[in-house]
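*Asks:* Residue numbers (my numbering), protein chains in the order written: chain S, 251 to 355; chain A, 137 to 777.
Note that these hints are calculated values from the structure, not bench results.
One or more of the hints may lead you astray.
Claimed, not checked - Distance condition first, Cα-Cα at most 20 Å in a straight line; then the derived EDC-like pairs of lysine to aspartate or glutamate:
(1) S/K354 to A/E740
(2) S/K354 to A/D743
(3) A/K532 to A/E610
(4) A/K746 to S/E348
(5) A/K746 to S/E352
Values in this document were obtained by computation on a predicted structure and should not be read as measured data.
Chain by chain, the residues run as shown.
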Amino acid sequence: MFEGVPLTWFLITGTIMFFVGIYGFLVRKNLITILMSTELILNSVNINFVAFNKILYPDHLEGMFFSIFIIAVAAAEASVAIAIIINIYRRLVDINVEKMNEMKY
Amino acid sequence: MIDFSYTVWILLIPLIMFVVVGLFGNRFKPLVSGIAGTAGLFVIWILSLITAYKYFFVLEKAADGSFQKFLAFNVRWLNLTDTLHIDMGVLLDPISIMMLIVITTVSFMVHVYSIGYMDGEKGFMRFFATLSLFSFSMLGLVVATNIFQMYIFWELVGVSSYLLIGFYYTRDSAVSASKKAFIVTRFADLGFLIGILMLSFATGTFDFLTLTGPNSPAFSSGTGIMFLGLSTMTWSMIFVFMGGAGKSAMFPLHIWLPDAMEGPTPVSALIHAATMVVAGVYLVARLFPIYVFAAPVALDVVMYVGAFSSIFAAVIACTQFDIKRVLAYSTMSQIGLMMFALGVSGYGGHEGLGYMASMFHLFTHAFFKSLLFLGAGAIIHAVHSNVMNEMGGLRKHLPITHITFLIACLAIAGVPPLSGFFSKDEILAAGHERSLMLYWVEMIVSGLTAFYMFRLYFSIFWGKDRHYHHTPHEGSKTMTIPLMLLAIGALLSGLIPFSHFVTTDRLPFAAHLDYGIAIPAVLVGLLGIGIAMVFYRKETDLPDRIYNALGGFSKAAFHKFYIDEVYLFITKKIIFNYISRPVAWFDRHIVDGAMNGISFVTNEAADRIKRFQSGQLQQYALVLVSGVVLLTLLFTYLMTN
Chain S
251 MFEGVPLTWF LITGTIMFFV GIYGFLVRKN LITILMSTEL ILNSVNINFV
301 AFNKILYPDH LEGMFFSIFI IAVAAAEASV AIAIIINIYR RLVDINVEKM
351 NEMKY
Chain A
137 MIDFSYTVWI LLIPLIMFVV VGLFGNRFKP LVSGIAGTAG LFVIWILSLI
187 TAYKYFFVLE KAADGSFQKF LAFNVRWLNL TDTLHIDMGV LLDPISIMML
237 IVITTVSFMV HVYSIGYMDG EKGFMRFFAT LSLFSFSMLG LVVATNIFQM
287 YIFWELVGVS SYLLIGFYYT RDSAVSASKK AFIVTRFADL GFLIGILMLS
337 FATGTFDFLT LTGPNSPAFS SGTGIMFLGL STMTWSMIFV FMGGAGKSAM
387 FPLHIWLPDA MEGPTPVSAL IHAATMVVAG VYLVARLFPI YVFAAPVALD
437 VVMYVGAFSS IFAAVIACTQ FDIKRVLAYS TMSQIGLMMF ALGVSGYGGH
487 EGLGYMASMF HLFTHAFFKS LLFLGAGAII HAVHSNVMNE MGGLRKHLPI
537 THITFLIACL AIAGVPPLSG FFSKDEILAA GHERSLMLYW VEMIVSGLTA
587 FYMFRLYFSI FWGKDRHYHH TPHEGSKTMT IPLMLLAIGA LLSGLIPFSH
637 FVTTDRLPFA AHLDYGIAIP AVLVGLLGIG IAMVFYRKET DLPDRIYNAL
687 GGFSKAAFHK FYIDEVYLFI TKKIIFNYIS RPVAWFDRHI VDGAMNGISF
737 VTNEAADRIK RFQSGQLQQY ALVLVSGVVL LTLLFTYLMT N
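This is chain A alone, in the form it adopts within the complex (with noise of 0.2 Å):
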């Protein structure tokens, strides 16, 4: 058996730098910090993959041939009772090294990409310091050995997120979009902590290893009929989604993630792209046998929530003008895709296919979509705008950006041989086993994926070239070398046999191309990429003619389907006036009355006996006196008698 326990330093050396960085950076130059922040991810970069390495090809396997799950590294933290304690610790099992590796890769693409991209910004210091303590806590999330460990560093995601996408904190938008983020994503936690409490109180103990066992008392407590027809652990499993969701953007608590495009371009890249985000899913796969044994309905909703996120944002993604948006929404139904594998999943072997598909889907979609954020912050970095009206004719003055940019669309859209045709693939196969409504759903999100991909690809890249205020180029080569190092993850990443490392009950399997299911979805995404070149290549009035024949659909899509609108008449409306506002009334009118009455007696009471303190000495003198002499009469009486 090999020694693991070095693998916590993955985690100390990020907090350690966020420590050092945000104490003492601002006595150096802000590069030192920049440089600081980028070595730190480097190490731990390296310690991930050789930690993957070992896991997969050194360490023995278990004896019926499965890799191992274990505790690398443990501390008992809190005692509740003698049963029931909270833990810290490193959990290793093939989906918390894919994420390690997932994490640390664009983590420090990331780090040295922003060296080049805010360089000269005010708090850039500030910004490598936030960027170290959203590794530390999304690296804690991953590696958490219970369920109240993950929770804790769920929320310290949810901080440094809140931190980075208020980065700007001059702008009003961006003030106001982390706040959004943070409100939205912590309403939803409210729900992933009501469904902690009833799991553990339900099996008692908080325990990954445990709960997800072969013998998990989450299978036997826990089942009976508890509310509206479903048992405790449904429900549970189903407040434990509630929370996913939130992080994950999934409908309807997506809002937050449009918005969240006010940080900037590397932090969506990273937190909301490639890691954060998916951290719902990676909730659900670490989850997943209670999902499957114990929690089938709640499994259910999993599927039709995601499948339903990833129609509702790509077809919104069509209609967007701002290249962040287009990707935030791309990205809600790209993970909607992997919640939507998830929930078709089976468990052990062929039938746990989705399951495989949806990690595999998080792998490769971890690379693409954060180098399209990084090429967008390059665009955006080139032209200072956002909107791609404003752009065109871009593959001359930005030719790295350009093919890397490329090369990511074709991923996505599912172009073989990249890195999203496979994993897209295994998808479509596992929706097909289950569900042919839903299986053709997701086809048709795949050719939306396809045609928004590749509308923003040509408005960019080709058309008119547009008059700017200076030439546009490419930025340092801290800011093009990761584009084409995670472009030749994007591109290489499929072919990984991801079905003999990652699988639901961690025993190797073969997984096929199923070319039945392989060559429509290449078609669908080849003819998406068609019309988006018919469209978009040349300048016609061709979409514009679509989008008014369309009439109130696409204002609808393109006004988001009203979903920021339904919030606020909920919370101003309804919320506000029905709620709030009675409970406003109470406490200025009665408990503050209360308090002002208490006050007002003591006041007067004190205005009153105040007279007594006259500063004649002689009148203290005389009632001492007339003190004493009462006294003597009093005990004198009493001892006469």
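Just chain S, with the same shape it has in the complex (with noise of 0.2 Å):
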């Protein structure tokens, strides 16, 4: 289906989800956004994990199963906090990153 696509362009396409990720991770103050923006840069790695794979080692499957592992464990991740989220907000009725400072020294 991707025949003849060339390596650099999922790597130029994973590179770009990344640093939106990160973006997004940095600047957006909505909670829910910043766990969506977490999900990105996972989903950066998958793609080169599978580009990596597919073009350069079409015999092995290693990075196959490294992407459908961080699949896992990043819905169980979402799951997770996704639940910290709804508790969060029960408690200060917002979502809002920069309220959450209780930590501080």
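Got two chains here, each in a separate frame; can you build the complex from them with the hints?
*Replies:* Below is the structure:
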């Protein structure tokens, strides 16, 4: 399906997704959006893994396995994070990350 | 050779009693712990008597006919080097066996007496536990096989004395008396420790058998001049004697003994009359060969300190009104006599008369002095007062105490044929051979002794019948029976031919009564008794007139020659002001200042850095990302170049 697409294109897509994710993590104030940015970062890594595996070592499967693991862990992480966010909302009636500074000095 | 290794149980039984009574005593009625402690003492009393019998009459003598001196039990406790090690064990020779008998007998009597005397006191169990601890430490001290074991038990004795003086710990005077006793003796023990270190450094051993044996390294090493024209051995023996002087309340380290009378009276009888305070005498006797052969100057120190203490204390005793204090000063005076006798003694056969006399007097003194204290306890128990002015005419109310007290007074005054007469006569005979001046000093002391003892006796038992809150009566049987048994000891112990058992070289010799000395001594004693009878039998103003006629001297004697005030001056005015305060200032400002400075700097720095910990998640993330970016750039730069 992607025959002939060069490796560089995949890497460029991954890099753009990664930095979009970093940017969103640092800038957005909504906890849900921050969580989504984290997913973007993880998926950019997935793309790199799959692309390297497919193009450089077509007869190996480790890269595929790694991305499947990451997807599974990311799903678990998302459920935990959303549970935390819901608890924070119940307590503070707000999910603005700047309001969550209880743990300072 | 008979096996004597069972003697270690003489030590262990009181220790076990201390642990058992101390830990589990409060689960039972108080009387149970009293009876348990007394039963333990009874067992070791019997064991000591059996040991003495077997040692003196059954055990074969050494080749030259002397009593053997051997280790009945020994374990190596601390290995310092291959040759220098500290042992724990049991050394048997005539003086340690004599001390075993003295300690167990008096301690057993005091235990029995205390069951009646301490009845109903708060802390009954604690009292008996501590008494057992004391018995253990004192027995360990006298059977010590080496000077270090002696030192350890020496301190243990000090601790138990501290605990017992401060028995009534709710009374301020008792607390300060116990602290005073502990600090003064501890200060003296510093000298003892220095002496031990010098002695063992010079000779390379702690062991008594080696140190006092015929080829002792103490005779050959450490003889060079060291300081102020005296040899190492002399200095070490003087320091060792300092420890002994502290425990035995010799001038000028005697100030704790009169205050120690704050403790319960049975404690005074046991510790501050018969056993612990003679530890110093025992120490000098134990190291006697070194004193005689290697450090005669130190032996002279012993002689002069003993002689001075005896007359000093005798004079003070004549002016005191608290009966226990009179007895305390009398104890100090009698121990001074023992020290004096050691000081004038030589070595071997008749030369060692003073040594024998000193041990003899220690033995007889233990009986009559503990009897005096227990009698005083019975009197205090009956009239609830320590002051003799508030007593009088008690002979009708306390007949048993009266008779036994009289026997003890006659014994200490040296009236024949009671025990004190024989031992004091030997001391005077030994003194006469050495120094005529000190002989007369001791003669005066024995006159004063007779005087102050009978001053006490007549003011308590004769004179006007005072008005008491309730009619005084004798204590229970447990209090009167020990009095009677000790009175038998005070009556008869002088008849023991001591020179056949306890001598410097452990060879028996024959000591005879010297009538040229015995007759004046008895006359001086009778004179003292007579004067006391004139003064105190009926109420007269004669004593007061004489007291006033002597003016400043008697006032000074009444105030114990202001020795306590001198100590207070030295400690409060000089040591506190010129040493303690600068040291405290240094501690507060320099040492504490440095510490506070360090903590201040840390605190300030932390205050600055803590702003990083803002609690803002995205700020942390920014720092993390920038760190990663910076590191990546750095490594890229390093890799490409």
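*Asks:* For each hint, tell me whether it holds in the structure or not.
*Replies:* Evaluated hints:
1. S/K354 to A/E740: holds, 18 Å
2. S/K354 to A/D743: holds, 13 Å
3. A/K532 to A/E610: Holds, because 11 Å separates the two Cα atoms, which is no more than 20 Å.
4. A/K746 to S/E348: Holds, because 18 Å separates the two Cα atoms, which is no more than 20 Å.
5. A/K746 to S/E352: Given that 20 Å is the threshold and the Cα spacing comes to 14 Å, the pair holds.
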